[in-house]
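These protein sequence lines are chains A and B, in that order.
Using the working numbering, count along the first sequence one by one with no gaps and you end on 256.
Using the working numbering, count along the second sequence one by one with no gaps and you end on 695.
Hint data in this document are derived by calculation from the structure and do not stem from the laboratory.
Just so we're clear, the structure is a prediction, and the values are computed from it rather than from any experiment.
One or more of the hints may lead you astray.
What the hints assert, rightly or not - Cβ-Cβ distance ranges computed for the label pairs, FRET-style: (1) B:D313 to A:D142: 33 to 41 Å; (2) A:L120 to B:Q338: 31 to 39 Å; (3) B:S303 to A:E117: 37 to 45 Å.
To be verified - Some chain A residues close to chain B (C-beta under 7 Å, calculated; not the full set): (4) A56; (5) P80; (6) A84; (7) T113; (8) S202; (9) R231.
Using N, Cα and C, we set each Cβ at its ideal position, and we do this for glycine too.
Okay, here's what each chain looks like letter by letter:
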Amino acid sequence: MINKASKVLLEVKNLKAEVGGVEILKGVDLTVRAGEVHAIMGINGSGKSTFSKVLAGHPDYTVTGGQASFEGQDLFSLEPEQRARAGIFLAFQYPVEIPGVSNSALLRLAYNTLQTERGLEELDPLEFDDLIQEKIKVVEMDPSFLGRSVNEGFSGGEKKRNEILQMAVLAPKLAILDETDSGLDIDALRIVAKGVNSLLSSDNAVVMVTHYQRLLNYIVPDYVHVMDGGRIVRTGGKELALELEARGYDWLRAAA
Amino acid sequence: MNLTPKNLTREQCFEQLLLGKTVKSAGWLENIRVEALAHARTLNFPSVRHDDWRFTDLSQLYLHGFQPVDSFARLTLDDIRQWLIPGAIRLVFVDGCYAAELSDLKHAGAGVVVTSLAERLGDRQVESSFGRYAPYKQDAFVALNTNFFEDGSWVHVTGEVARPIQLLHVASKREVSSAIYSRNMVVVEPFSRATVIEDYVVEGGVGLEGGTYFTNAVTEVVLKNDAQLQHIRVQREDKNAFHIGHCTVEVGKNSVYSATSLAFGARVSRHALHIVQQGEGAEMHLNGLALVAGRQIADTHTQVDHAAPRGKSTQLHKCIADASAHAIFSGKIIVHTGAAGTDSVQSSRNLLLSGKARIDTQPQLEIFNDDVSCKHGATIGQIDAGALFFLKSRGLTEERARNLLTHAFAAEIIAKIPVPALVEALSKTILERMGGLGT
Ligand SMILES: Nc1ncnc2c1ncn2[C@@H]1O[C@H](COP(=O)(O)OP(=O)(O)OP(=O)(O)O)[C@@H](O)[C@H]1O
Ligand SMILES: [Mg+2]
Chain A
1 MINKASKVLL
11 EVKNLKAEVG
21 GVEILKGVDL
31 TVRAGEVHAI
41 MGINGSGKST
51 FSKVLAGHPD
61 YTVTGGQASF
71 EGQDLFSLEP
81 EQRARAGIFL
91 AFQYPVEIPG
101 VSNSALLRLA
111 YNTLQTERGL
121 EELDPLEFDD
131 LIQEKIKVVE
141 MDPSFLGRSV
151 NEGFSGGEKK
161 RNEILQMAVL
171 APKLAILDET
181 DSGLDIDALR
191 IVAKGVNSLL
201 SSDNAVVMVT
211 HYQRLLNYIV
221 PDYVHVMDGG
231 RIVRTGGKEL
241 ALELEARGYD
251 WLRAAA
Chain B
257 MNLTPKNLTR
267 EQCFEQLLLG
277 KTVKSAGWLE
287 NIRVEALAHA
297 RTLNFPSVRH
307 DDWRFTDLSQ
317 LYLHGFQPVD
327 SFARLTLDDI
337 RQWLIPGAIR
347 LVFVDGCYAA
357 ELSDLKHAGA
367 GVVVTSLAER
377 LGDRQVESSF
387 GRYAPYKQDA
397 FVALNTNFFE
407 DGSWVHVTGE
417 VARPIQLLHV
427 ASKREVSSAI
437 YSRNMVVVEP
447 FSRATVIEDY
457 VVEGGVGLEG
467 GTYFTNAVTE
477 VVLKNDAQLQ
487 HIRVQREDKN
497 AFHIGHCTVE
507 VGKNSVYSAT
517 SLAFGARVSR
527 HALHIVQQGE
537 GAEMHLNGLA
547 LVAGRQIADT
557 HTQVDHAAPR
567 GKSTQLHKCI
577 ADASAHAIFS
587 GKIIVHTGAA
597 GTDSVQSSRN
607 LLLSGKARID
617 TQPQLEIFND
627 DVSCKHGATI
637 GQIDAGALFF
647 LKSRGLTEER
657 ARNLLTHAFA
667 AEIIAKIPVP
677 ALVEALSKTI
687 LERMGGLGT
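Isolated chain A, as found in the complex (with noise of 0.2 Å):
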C-alpha cells in the first residue's frame, strides 16, 4: 500500500556495480518505503539478481559507485549478516544446498542471532520447535523438512518454499523475493503467495523479482519497474505489469 508519509527503509542512487570489471549496474534508482510491494522485470540478464545480491552484499560484486541506505544507515558500510541483522532479506534465485546442517538447527541459529541482535531472548530448542511448528503452516510445508539437510535433495519448488520458511521465521523489514515464483507448481505459488501476503504490513516491505503477471495476481505490486542493461528505465503501477505481458519488452527497449 502506498502512503508517501510512511518511512522510506530503502533508499538507492545511482547505483554502479561490477562483476570481474565487467560494469553490470550502470546506475540504479529505487525508493521503497514501509507498506510497500514493489515488483522488479526486465529480460534475462538485465540485472535484476546483480541488483539483489549487492544489496544483500554478496562479494562477488564490487559497488562502484552511487549510494544505498537502509533505514538512514550507509548499506555498503555493513557486513552481509550486520545487513540480515538490520532486517534484509534475500530469498535466492538459486538457493543453495547445505549438506549436514538440518533445517531446524539453521533456522534457529539464525532466529536466535536476530533475537540477540534485538536484545530479546533466545530460544531454547523446545521452545523454538513450537514457533517453527506455527512457521510451516505459513507455507504448509510437511514438518519432515525440518529434520533433513538445507536444501539437500529437495526439488527446485521446495527449496523456494524453505526460502520462504526463513523469511517467515526471520521476519524481515525488507524481504528481497529473487523469483521465488520460477519452478512453483500452481497450487504452490498460491499457496507461498499467500503465505508471503499474510507476513506483510504497514511496517515492512517486499520486492519482488518475477518473469510473470501471476505470481502479481496474488501479490498485489504497488509499483513494477522495469530493468533493462543494468538499470531501471520504466516505473508504473501494476497495470504496466499487464502491458508487459501483452506486448513484451521490445517497445520499451526501443524507447530507451
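Go by the hints and put chain B with the ligands onto chain A.
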C-alpha cells in the same frame, strides 16, 4: 616442569625408550616380550626418508626425552567423568596401568568377557591370539609396545552385546614427559556382535601443567566367521601430546567389520590401520576423520588387503586442517590374486581452512586380479563461498558460518557412530576445537 624438548636425536630418543622398565610376566607372554625386545634392538624409529613416513615429520617427538612411567597415578572418577559413556561396559587404564576402581564391568554378563589382559594370561584364547597379528618384528613402535606394555584390555565376544564397550586410556598429568603403552585385544566369535570404543584421553581434558606424554598404542582385532564388530577409535589426547597407534584386524568369512577412526588431539599423531580380509564374502567399512588446528600433525594410514573372494570394502576419510596444521591420509587397497569379485569404493575428502594448512592425501589401489570393481577418488576443497554467503545473509557472522559448515563436513563421519551419547559428546568436542559457535 619438563615441557621444553631435550633436543635428542632420533636414535637417542629410541635408545632412551629401550631403557624402559622391564615388565615381568609369566610363560608364553614373557617369550613374546623378549622376542619383541630383540627385534626392537635391530630397529630404529623411522625418518622422513622412510617411504611410509615421508609426509609425517616426527622430529618434534624425537626432540623430547620420554621417561618410562615408574609409578602409576591414582585418579578418581571425577578426573575422568567427562569422558565416560553412559551405559557402557568400561575398562579404564591410567598411563597404561589397569584401574579396576574406575572400570565398570557390572553389565559385562553373558556373551562377553571384558577384563585386563594381565588377569587373563591363563586363558588359552588369550595365549592363542595375543601378538599373532601386530607386526612387532617389523615396526619399531609395535616392538616397543609389545615389550614394555604393562597391561591392556581383553575383549572376547561370544554373543550379541548390545551395550557399547569402552576401553578408556587416560594419560595422567605428570611432571616428567612420559612414555605410555596402551594395548588392546578384541576377539569376536562366530555369530557374535559388539561395539567397541577405543578412547585415548587426558586426565581432566585440559592442557598439561608439567611434562607432556607419548602414547604408543597397539590393538589387535580378530573377527572369526559370521561375526560383526563396530570398532570406534577416538584419539582426543592433550594438544601437546604425541600419539602413535597401530591396529591390525583380521576378518573372517561373511563377517562385517566397521571402523570409525577419529583424530582430534595430540601435537603429532599417527594411526595405522591394517585390515586383512581372510574369509570369503567379508565386508569392511572404514570411516575416518582428522581435525587439526594450530601446529598439529595428524597422519592416518590405512591398508585393506582383499585376500579372499567376494569381499566388499567401503572407505570415506576426511581431513580438516586449520591454521598451520598438517593432515596426512594414505589409504591403500590391495586386491590379491584369488580375491575374485572384490567390490571396493574409497573416497578421500578434505577441507583446508587456512592458506598455511596442508593436507596430503594418497589413495592407492593395487589390483592383482580381473573381475573386480574398484573406485577411488580424492578431493581437497575450501569452505564453499556460496554457502558461506547464504549463511551470512541469514545473520550469521563469518566465524559462526564457517564453523557451522566445518562442523557439518565433520558431522557426516561422526553421525555414523552407533552410540548416540558419544556422537553428542564428539559433536561438542568438534565445536570446541573450532573455537565454538559463538556470535
Ligand atoms: N558472478 C558473475 N560473473 C560473471 N558475470 C556475471 C556474474 N553475475 C552476473 N553476471 C552477468 O551479469 C548480467 C546480469 O546478470 P543477472 O543474474 O543479474 O541477470 P538477471 O536479470 O537476474 O537475469 P535472469 O532473469 O536470467 O535471472 C548477466 O549478463 C550475467 O552473465
Ligand atoms: Mg536473476
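Numbered hints the structure breaks, given as an ascending list:
Result: hints 1, 3, 8 and 9 break, sorted rising.
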